[in-house]
Structure formats: C-alpha cells, structure tokens
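Chains as they are written, first to last, in our numbering: chain H, 1 to 504; chain R, 505 to 834.
Hints were generated in silico from the structure; no laboratory data involved. Any given hint could be a false lead.
Stated by the list, open to error - Pulled from the structure, derived: some chain R residues nowhere near chain H, Cβ distances all over 10 Å: (1) 507; (2) 587; (3) 625; (4) 656; (5) 671; (6) 680; (7) 751; (8) 777; (9) 778; (10) 799; (11) 806.
Claimed, not checked - As a list, the in silico BS3-like pairs of lysine-lysine whose alpha-carbon atoms are at most 25 Å apart: (12) H:152 with R:510; (13) R:567 with H:30; (14) H:501 with H:383; (15) H:444 with R:510.
Where a beta carbon is used, it is the ideal one built from N, C-alpha and C, also for glycine.
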Amino acid sequence: MSVKKLGLKQRYAHMTRGLDWETTYQPMDKVFPYDSFEGIKIKDWSAWEDPFRLTMDSYWKFQAEKERKLYAVIDAFAQNNGQTGITDGRYANVLKLFLTGISPEEYQAHRGFAFAGRHLRGVGPRVAAQMQSLDELRHIQTQIHTISHYNKYFDGIGEFPHMHDRVWYLSVPKSFFDDARSAGPFEFMIAIGFAFEYVLTNLLFVPFMSGAAYNGDMSTVTFGFSAQSDESRHMTLGIEVIKFLLEQHPDNLPIVQKWVDKWFWRGHRVLGLVAMMMDYMLPKPVMSWKEAWQIYYTEAGGALFQDLARYGLRPPKYADIATAEAEHISHQNWAIFYQYTHAAAFHTWAPDAKHMDWLSEKYPNTFDKYYRPRWEMWNQMAKEGKRFYNMALPQLCQCCQIPMGYTEPGDPTTICFRSSQYKGETYHFCSDGCKDIFDAEPEKFVQSWLPVHQIFQGNCGGATIPDVLNYYRLANGADNMDYVGSPDEKLWNEWQADKLKTAV
Amino acid sequence: MTIQIKTLDMEPKRQTFGHVARRIGEGKSATRYQEATLDVQATTNFHYKPLYEPEYWTYDPRKTRVVMEDWYKPLDPRQYYYATYNISRATMNQAVERSFTFAEERGLAEKMSADARKQVETFLLPLRHLHWGANMNMTEITQRGYGTAVTAPAIFSSGDHLGMAQIVSRIGLLLDGQTGVSLDMAKEVWVNDPAWQGVRKLIEDSLVERDWFQLFVIQTLAINGVVFDLIYKMGDAGWKDAQLTIAMLTVFMTDWRADESRWSDAVIRTVAAESEENRALISQWAATWIGAAVEAARPLAAAFLTDNGAAAEAAGEATVARARALGLTL
Chain H
1 MSVKKLGLKQ
11 RYAHMTRGLD
21 WETTYQPMDK
31 VFPYDSFEGI
41 KIKDWSAWED
51 PFRLTMDSYW
61 KFQAEKERKL
71 YAVIDAFAQN
81 NGQTGITDGR
91 YANVLKLFLT
101 GISPEEYQAH
111 RGFAFAGRHL
121 RGVGPRVAAQ
131 MQSLDELRHI
141 QTQIHTISHY
151 NKYFDGIGEF
161 PHMHDRVWYL
171 SVPKSFFDDA
181 RSAGPFEFMI
191 AIGFAFEYVL
201 TNLLFVPFMS
211 GAAYNGDMST
221 VTFGFSAQSD
231 ESRHMTLGIE
241 VIKFLLEQHP
251 DNLPIVQKWV
261 DKWFWRGHRV
271 LGLVAMMMDY
281 MLPKPVMSWK
291 EAWQIYYTEA
301 GGALFQDLAR
311 YGLRPPKYAD
321 IATAEAEHIS
331 HQNWAIFYQY
341 THAAAFHTWA
351 PDAKHMDWLS
361 EKYPNTFDKY
371 YRPRWEMWNQ
381 MAKEGKRFYN
391 MALPQLCQCC
401 QIPMGYTEPG
411 DPTTICFRSS
421 QYKGETYHFC
431 SDGCKDIFDA
441 EPEKFVQSWL
451 PVHQIFQGNC
461 GGATIPDVLN
471 YYRLANGADN
481 MDYVGSPDEK
491 LWNEWQADKL
501 KTAV
Chain R
505 MTIQIKTLDM
515 EPKRQTFGHV
525 ARRIGEGKSA
535 TRYQEATLDV
545 QATTNFHYKP
555 LYEPEYWTYD
565 PRKTRVVMED
575 WYKPLDPRQY
585 YYATYNISRA
595 TMNQAVERSF
605 TFAEERGLAE
615 KMSADARKQV
625 ETFLLPLRHL
635 HWGANMNMTE
645 ITQRGYGTAV
655 TAPAIFSSGD
665 HLGMAQIVSR
675 IGLLLDGQTG
685 VSLDMAKEVW
695 VNDPAWQGVR
705 KLIEDSLVER
715 DWFQLFVIQT
725 LAINGVVFDL
735 IYKMGDAGWK
745 DAQLTIAMLT
755 VFMTDWRADE
765 SRWSDAVIRT
775 VAAESEENRA
785 LISQWAATWI
795 GAAVEAARPL
805 AAAFLTDNGA
815 AAEAAGEATV
825 ARARALGLTL
C-alpha cells in the first residue's frame, strides 16, 4: 500500500496543529484556564482555516530580508540628515503623536497576541497569533528606530513611554488597549484582530504612512511599506477569527455582535486623533478625514459587513452616527488641542487662510458654517496678543476619556452629554456609544484612570500646571505651546536659511 | 589610502530618548538594542483589572515571587531586537537548508539502517511535541512576564521552539517520503510510549505553572538542560549509523542551544544575584525541577541509549553544575 505525499495544506497542518496533543497529566482546562469564561462556544477547533501558511523558516527569511532593507534606509536617512527634507517643521508633530500615542499600542498588541497565542485552545489560531505577536514587537521596535533620529533634533519625542503612562490625551489610546488586554482572549481577538486590524487599520496605519510619503519622511514611509505584508497577514487573521467564531455556534453571534459594536465605537473615538492629524497637522495633506472615512469605512466596511450578513451579523451600532461625525470630529478635536496647547506634548497652530480654504473645499457642509468663524476669531485674538488658552480642566468621558467637547448628533452647536448611575455615583459620557459601553460593563469602566480626576485627587505631581507638566516630564516652553515661537520652529528656520545660503 | 566624503555635520539636541539616557548616562549615544528595549513596557496608571485575573494588573511584577528592584537589569547579552534576531535565525537556517538539500541529494534517509531509522522515529521525532510545549511556555513568559528586557527575548525563544519543532517534523517527512506517516507514529509514541511519559508529564506540569519566573527556570534551565541536551547533545551513540546525518540535520538546535543559554543563563544569574531571597527561591526551583527532569528523562535515556538512565543522570549533573556557576546553591 502506498501512502500519498502530502499537499501543501496537509504539510502545513503537520507543521503546526500536528504538534499539539490532548494533555492527560494535567487537565486541559487548567492548561487553558482563560478560554471559557466569555461564553464563546467552539465545537471543533480543527475547522479553523489557516489564513496564511507560514513556517518559521520562511518567516525568518522574509522578515530578515525586509529588516535589512529597512535599516539600510534608516541609516541612509540619518547619514544624510533626512529630517531637513520634510515639507515643514510642523510635520514632526505628527511623529510625536505617533510615537507617544500609537507605537506603545503596538507593544500592547505584541503582549496581547502572546496572550492569545498561548491561551487559545486551538493550535491554528495560536500559531497565527504568535506570529502576530512577533510582528507587533517588530513594529514598536522599528518605529522607535525610525523616529529615533527625529528625536535628536525635535522636542516632544524623547519621553514617549513615560508620557504614554501619564499624559491626559494619551490615556485615550492607552485605555483602549488596556480594555482589550484586560478582556478574555476571544474578545481581544475581535477587538484588536478584527475591529482594529481589519475594519479600522486603513484609517490608522495608512493615514500616518501616506502622510509620511506626502511630507518627505522617507524613514517612516519605508517602515510603512516594510510593514505592509505584516499588516495584510494581520487582516487575514482578523477576518478568519470572526468568521470562525460565527460559524462555530449560533450562541456566539450575540456575544460577537456586542463586541463588534463596542470595539467599533471605541476605535472610532481613538481615530479622532488621526482625523485631526489628517485635516490639520499635515503640512501637505493627503486627503480629508471625511474622504478617508467614506472610502475606508463607508465603502470598504460596508462591503465587509454585507459579506458578514450571512452569519446574521449586522453593521456596528452607531456607525451612522460615526459617519455623520466625520463632518465634525477633526475640527472639534484640533480645537481641543489648540485650547490646551500648554498641556500637550506637541505643537499646535491655527490653520492659515490657505489651509482654511482647503478645509472649506473638503467640508462644504460644515467648515464655513461652524468652524471657520471660530478659527478666524482665535486668529484675530492671537493677533491682538490675546491668544486663547483654556485654563479649566475639562470633564472627561468615563469611557473614551476624551474631553467632553463633542456635539449632539444633528446639532453641532450643542455639546453632547450623557450620564449613567452606578452604585450611587454618576458617570458622564460624550455620546450614546460610550454610554452603552459603560452600561454593558459598569464594573469595568468605573475603574478608568481618568487623568483629570487624578490631577484633582493629587496623583499627578501637584495642583498647578507646572507641577503636572513636571509629572508628565513635559518640558514647558519646548514640548508644548504653539509651533510658532517654539525651539522646533527656530531650528527649522535655521535649516531653511542654511539651505538658501548654500543655494546662493 | 582612504577616500573621504564630506557630509553635513549637524549638532543634535540630544543623543537618545530620556529614559535611555537616564540609564546609560546623558550625552551618550544608545545602541539600537537599548532604544528598542529599555522601559518600553507600560508600568503605571493602568485602567482596568483583567476580567480573568482581577487580583493582578495586566503588567504586574507580583506575577512571580522573585523581586527585582528593576526588571531592566537582566539584559540580553546577545542584544537582540527584532531585526537582529531574525537576521541571526535566517542565517542559522541557511545551514539547515543546505543540510536538508544534501541529505535529499545523497539519499541519506534511505541509507539509514532499519535500526537507526527506528531510533530516530522513536527518540527524535517525538521531540517536536516537547518543542511545542516549550513554545507555549516561552509564549506564556512573554505575555505574563514583566519588563521588555526579558519578555522580548522570550517571544524570540518561542519562535525558535516552533521553528525547531518544524525542523524535527521535516526530518520525519524526509524519512517517510513526505507522507506524514512517521509524524503520526511519533505522536503515538509521545502520548503512549512508557519511555516518554515522564517527559510528557514534566512538560504538562510546567504548562500549569503560573509563576512566570519559575516557569523560566523550569524551561530554560531544567528542560533545556536535561531533556533537550540528553537528546541533542548526549545522544550521538543512539542514532547508530545515522549519527552524522542527525548531527547535520539538527545543526540548528546545537547553534540555538549555545545562543539561547547565553541569554537565559545571564537572566537567571542576574535575578539570583539581586537578593538572598531570590537566590534561595531560584535555587529551590532549580533543585526541584532539575530533579524532576532527571527523573522524567531516566526511562527515556534507558530506552534510547540502553544505559540504565546514566545519560539522564549525566545531563542532570551538568545542569546542576551550570546552575551552580550561575550562583545558585544546589
């Protein structure tokens, strides 16, 4: 009798799931203690379709090749003072936001996928999650190395891990990932693998990398290209996870739907930072947030949820509100940072006339009507020496932790407030989406480390702004305040003058 | 003669990140390893207690009983960050590719005696399951450990074990003409053969260990030192006439063991040196688990090398000597 040679698929199965065995000296439930409390039912782990078939030898080979190329570019960039070739000194603020706000979440993803890569009972998803854990470590480490050279010249970058654990607006992405990390392995996979890496990645990763490409940042954009094949692996894992859970048992649908609703809204709130980056911070904008939302959420997300409808899954709750907010969110967020520029670790500026014209063109329904008048007033005040600062600490949303500056759906002149009672205390929210998330898990969200509350409780170095900035390790007069008049601007202008001198 | 290209020299405002400078000294330039590793993990102001383990924070130094004033003391002497790790493994793997090509071209698998083949099937192929268990342990240390200095190399080690499990699998496929029959048989041996049950119990017991640094000692000192060394390092005679073939096809494991123990030994040495309490705890863990590993490996050695378990004893003694050299009292 002759036995048939293995096909690629069976060969890969031997290389991964064939390694596993049913433990008998220790009960399986003790070996995998975390994969049942969420209520997800898996009838047959072997039905998992490996989204990509990568053995470690190929992984090392591909990744090593990519790293060699990437570091050659990073070295060349530093050697040739690439930082002087960006479109404008303001661009560096995008990198500050990225390294303090996003890169530490790559690290969280690394540790979170290690958790899933150890504690999911099925071998197929475990191996895929381990590779993603490795990839995410790659991303934080290469981002540090990419931006390291900018840190040598620009302020506001050098204390990124310290700030990430403390600074008020960085608690927005941090609490998002802490939320996913403190959930069970299945919710983590839906939160990060599906909602974040699949549904929303084109609205996070891509805008930063395209922004780099448009603004002469060869170092960061090379990282972006280099990470592209990792990201597409992560996307195929994310989609496979949700399909697998929905196929395994009908009881999984309501649980997965709840997670999709939750993580869509949570992700949407974090992406507000990207929205303002795209609309206000890029010297040379790529596209407006509204356009990006249209392409990457309304169109691509629409097709995705159409595809998932056969499992009974509906599009995320409040997706319509998020789409309506795409007209407003960047303007409202940048206005918050403009007012609190003294407490931010990057520079702000009011848009100039040319930029406002671009915003008018991109936001014909809202910019001229609601936001241009405010910027014109603030520009006028600044001209008169009365630049507007908001010295009161804002109320934060208990869920997303963003200052409560957003407006009512359909009424952009009224601030939106929601609240819930829990065990005799009142909790405040910026939106119905955030209130719903709290109401579903109040015992989790009452724990939120809210930066403003913490300041008032005396846990952030003291009661005055200098005390708090000191606690943040935020160098007053260098890291914060307007770009105009900053040491960054001074240095940038010296480089420009030097270039002109050479040209003459 | 050298040529000199003139470049623009720009005076940087700072040499590295603040947290790195505070550790290595102001005004010094940092290595890529340092920037990619030091203080990268969050340490404070966490938001929510894990639903599955509310007694701890997600990142919590209390998840092991050893205490470090600073978890960035146990650094990696290899200075691996993602790029250097992958480049190192890609290079090590080139030798594997050459070996497999050579073995296939020369028909080395067909040339093995039936005796040797039986030995490889029974005593080498089941090791892929032990690597898989080791992979789970190193992934657990990655997720549960504290401080990037230890947890980042742990995920590298986890990738190594998966890679080695796959190399062992390829040896099986080479033997069975790419049918997978030998791998199914090896799993049967792993699960049921009495010679392996001690080792299988050993790794299963490790899979439920919740103290992540104890798990580090179990895996990197006891299991790597006793069981993997027994097969890969002390098992030459067991492969009969296939000795050279197996040595060639497992060259990665030899390179890996030397490379990984540089790191894992340094970590244990540093953590033990932190305090007498740490030293006592780690010594006790090492004694217990090296002892358990020797017990587990004895029937395996007896069946593999027909030596009455002497090689297991020898591997145990070598591991005890290694532990003592790391400052442990055994």
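Here is what the structure says about each hint:
no. : hint             : result
1   : 507              : 16 Å, holds
2   : 587              : 4 Å, violated
3   : 625              : 15 Å, holds
4   : 656              : 6 Å, violated
5   : 671              : 8 Å, violated
6   : 680              : 8 Å, violated
7   : 751              : 19 Å, holds
8   : 777              : 26 Å, holds
9   : 778              : 23 Å, holds
10  : 799              : 13 Å, holds
11  : 806              : 20 Å, holds
12  : H:152 with R:510 : 21 Å, holds
13  : R:567 with H:30  : 17 Å, holds
14  : H:501 with H:383 : 31 Å, violated
15  : H:444 with R:510 : 59 Å, violated
The structure is inconsistent with the numbered hints 2, 4, 5, 6, 14 and 15, although it conforms to all the rest.
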